[in-house]
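Respectively, the protein sequence lines represent chains L and R.
Going by my numbering, the first sequence opens with residue 734, and the numbers climb by one from there.
Going by my numbering, the second sequence opens with residue 416, and the numbers climb by one from there.
Simulated from the structure, these hints should not be mistaken for laboratory data.
Since the structure is predicted, the reported quantities are computational estimates derived from the model, not experimental observations.
Glycine residues also receive a C-beta, built at the ideal position from the N, C-alpha and C atoms.
Some hints here could point you the wrong way.
Output of the computed footprint for chain R on chain L, the stretches with three or more beta carbons under 8 Å from beta carbons of chain R [unchecked claim]: (1) 780 to 790; (2) 795 to 805.
Simulated pairs of lysine-lysine, DSS-like, Cα-Cα distance not exceeding 27 Å [claimed, not checked]: (3) Lys1047(L) to Lys1029(L); (4) Lys952(L) to Lys1018(L); (5) Lys1000(L) to Lys1023(L); (6) Lys862(R) to Lys784(L); (7) Lys862(R) to Lys785(L); (8) Lys1171(L) to Lys1128(L).
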Amino acid sequence: MRAIPLAVGLLLGWLASLAPPMAVSAAAQEPVEFTRSRADTVAGKCMTCHKKESPGLYRQWYMSEHAVHNVTCIECHGAARDEVDAYVHEGAYIATLVTPRDCGACHESEAQQVADSYHATAGEILESADAYMAHVVGGLPAVIAGCESCHGARIEIDPAAPNRIARESWPNSGIGRLNPDGSKGACNACHTRHSFAAAQARRPESCSKCHLGPDHPQKEVYEESKHGNAYYTHIDDMNLEQDRWVVGIDYFEAPTCATCHMSATAKQRVNHDVGRRISWTLRPKISHMKDDWQAKRKNMQDVCAACHHEEFVKGHYYQMDGVVQLYNEKFARPAVAIMELAAANGAAERPSAFGNEIDWIFWELWHHEGRRARHGAAMMGPDYTWWHGIYDVGKHFYFDFLPAARRLGDPEIDAYIDRMLAEDEMHRWLHRPTGELKGDIRSGQLQEIYRGFFHPAE
Amino acid sequence: MKLWRRYRLFLRGLATNWVGALGAVLTTSAFLLFLFVLALQLLGVITNAYVGLISYLLLPALFLLGLALVPWGWHLYRRRTGRPTRELLDERFAPELTRTGPFGSGLLGLVLLLTLVNLFFLGAGGARILHFMDEPRFCGTACHQVMHPEWITYQRSPHAHVKCVECHVGEGADALIDAKINGLWQVISATFDLYERPIPTPVHTLRPARETCEQCHWPDVFYGDRFQFRTRYGFDRASTPEYTTLLLHVGSGAQPEKRTIHWHVASENEVRYRADSAREEMQWVEVRRADGSYHRYTRRDVQQTGEAAAVRALDCVDCHNRVTHIYEDPEVAVDRRMHSLPLDRRLPFLKREGLGLLLAGWGSKTQAYAGIERGLSGYYARFQRRETDGLQPEIARAVDALQDAYRRNIHPRMQVGWNPYPDHRGHAGGGGCFRCHNRELVDAAGKSIGYDCTRCHGILALESTTPFAYLEPAPEQGRERALHRYLRQDFLAVRGAAAPRAGGIPLPLELHEGVSDSGRTAP
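Please model the entire structure based on the sequences and the hints provided.
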């Protein structure tokens, strides 16, 4: 009995194979939407051309885990007919843009963690007043190729463009990219296409695409630190390619950015929300503790514990808290107070922000030098803590910022500065003789001023 | 003897002054020299085409000049003396020449006889000249370095036995006159060094394909599918081969299906286009059918800059533009010589080293030959001494082969480097087929002409380890699974449609599932 359907099938198949080639082209003209059952055939067609036309791209995919697990072009680029960025390409609906939602079809928890992370909000900064400076001082081309390349652009649809994305917003792989499907970010900001390797995201080079430079030199601080030293020395022993990557078990020579901020420990699973181990925020003018900072600090200290003794870890946090508080209390608060007075009293000459000298001095004070000091202390970069950090902050606070503030000619500001220099123990040194100060250092009296800084902010 | 005596007297009579004397000398010596050179050529003593220039162009020209000088000299003589012709004739020529006989004077007879000889000589000479200028050897070597690259490539081409003029001049008197006028400018530009380097392709002066190509090839005899094998060798120690096997859907112009390449020249449709003067950037392309209807694809960002080239109907040379003067891509040049064995893969890293030497940017041919020799044998002596022990003859052969590749393709004096001209057959570098088959040209509905790979060729291996990698059933798992399945189904759907048994082997059931799955055949 089983032979009958088989025979019918054979006959039908044979008849089908006799159909004239004209039918071939006619049938092929109807564009196909992505369905899993067709995936192989469609992807096979993609690869036929792209293996030749974009060999590097094909090769990266071919060597990737995606290829091993038969995740092909169309699983990521396949699109539904009604998606705004869908277009017909060689008989299939596809989209150039692959968003965290697309990746999340398989990598569900990772996509959710990214969506909850501070990284995912990076694009919104450009929607707010923070983009102001780049737009007025620089201009749109610099915003696109500069800011938005890291922060992420808002993807604009251009129906006339071959891939339906406006050139102003494509290419863009910013970590907070605002995608047409409502998702935020781009997984390939760290997992570079088209190999999407975990190994790459584990390396510090991946993060240092953005986290470097005068305003947040995390890359440089890491390279200066013992952690970075050890990593570059023992890079071959880091087991970066391995699927499971637990610090203290699969590797123990050094941590990378990912190790401390994301990767698995014996107690924690890997988590793509990069903020879950950060207790201070070192970004703003005045640092403060993050929500639920005790738990976050505990998470980080658990990472440290893979290599370090508890006392060692506590000591590090003691020292780091001290630097952040020093910056906050000695420089940031007075500077912010003066800027607030200037704004309230309309003391500045020009009405536009960044239209006055003092705006720039204050900006670099907190946004560049102040962050450098704080990052240096957080990630064990002594040179960034002092020479690129507090040293610059102090020099520019006393000899650029305060004189510029006085030049505003506002009596209230002058009074504030006079009172600070006369009464604040941290600033009184300015009007005292050197010999006396040296004596205070030797006796330890000067150091006593700062004893209260070595703790988290309340 | 009597005739010779008369001739001498005749000459003496003509030499009234230095003009007449020069004319007589030129004519006589040019004629005699011509006979002498011709004899040498016929005997095979001289084979150089450059001598042909002297014997067929210079000597007849001098001959004519001399002939013209003679009456001019006589005219001057008469004007100077101011005496009647009869008197002068009597004075200049011996009485036995001027004496009137039954058929006029001996002088008249002699002049008539000599004129006859002249006419015969000029007629025969003219025919010889035209014949000589039809010879490929003339085109290829008369202008020395100008045509040297074309001459070298022509001699190794599939058309090596077709004369240059059969494509570049074509049939008929008007074609001949066109060519000769054109040639006059070429003589001037070659003499005064006015020509471009490299020589631009004479794409506009080529005769229509119907008058040239189709003398031998015509659309009705193009047929079916053709295999094309390409072996690319890797840059590794063993220069490991990678195979690409294409099944080109060449088709014939007589078939109605669109899925063949020669559909473009089928008699029932005419493909026309407007492009830049190099015919590389299309402004639009359209197909016109017998009933007058047409379908046009226009460039999205129409920039009507530059000269508006004439509309052209597509013919053979729009795609087959380098069927004779074929320059090799450097990598292809090495691969080809590796495939046919002068380059022996037992020599480690031969592909890498060989290609590197070819691309080294030598200043002159002499430097290149010496550099290739020194470079290759030096590399093996320094870095692979043990591995190439006993392979010295292979190294020498490899050096020869690389020098040969250089000799064929590179011509520093004409500034011909690697890939000097685009080849429109295929789609290397985004040209060729992709000039029209791309997404920039769209019709009124915004649709472009298809440019997917399997439109024009089945693919049985794509940089694979075997030449027929995708003919085997696809594996269930593996990185190439999807690619393999698709290409196999595509091949079998096109080739297997008419023959469910491929080479006597019944097609597997899986194929039929695959065929309906791919949407290739009717549901």
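Hint by hint, here is what the structure shows:
1. 780 to 790: Three-residue rule met by the region 780 to 790 of chain L, so holds; n is 5.
2. 795 to 805: n = 5 at 8 Å, threshold three: holds.
3. Lys1047(L) to Lys1029(L): holds (14 Å)
4. Lys952(L) to Lys1018(L): holds (21 Å)
5. Lys1000(L) to Lys1023(L): Given pair lysine 1000(L), lysine 1023(L) holds - Cα atoms ~22 Å apart, limit 27 Å.
6. Lys862(R) to Lys784(L): Holds, at roughly 24 Å.
7. Lys862(R) to Lys785(L): Status holds; Cα separation ~24 Å.
8. Lys1171(L) to Lys1128(L): Holds, because 19 Å separates the two Cα atoms, which is no more than 27 Å.
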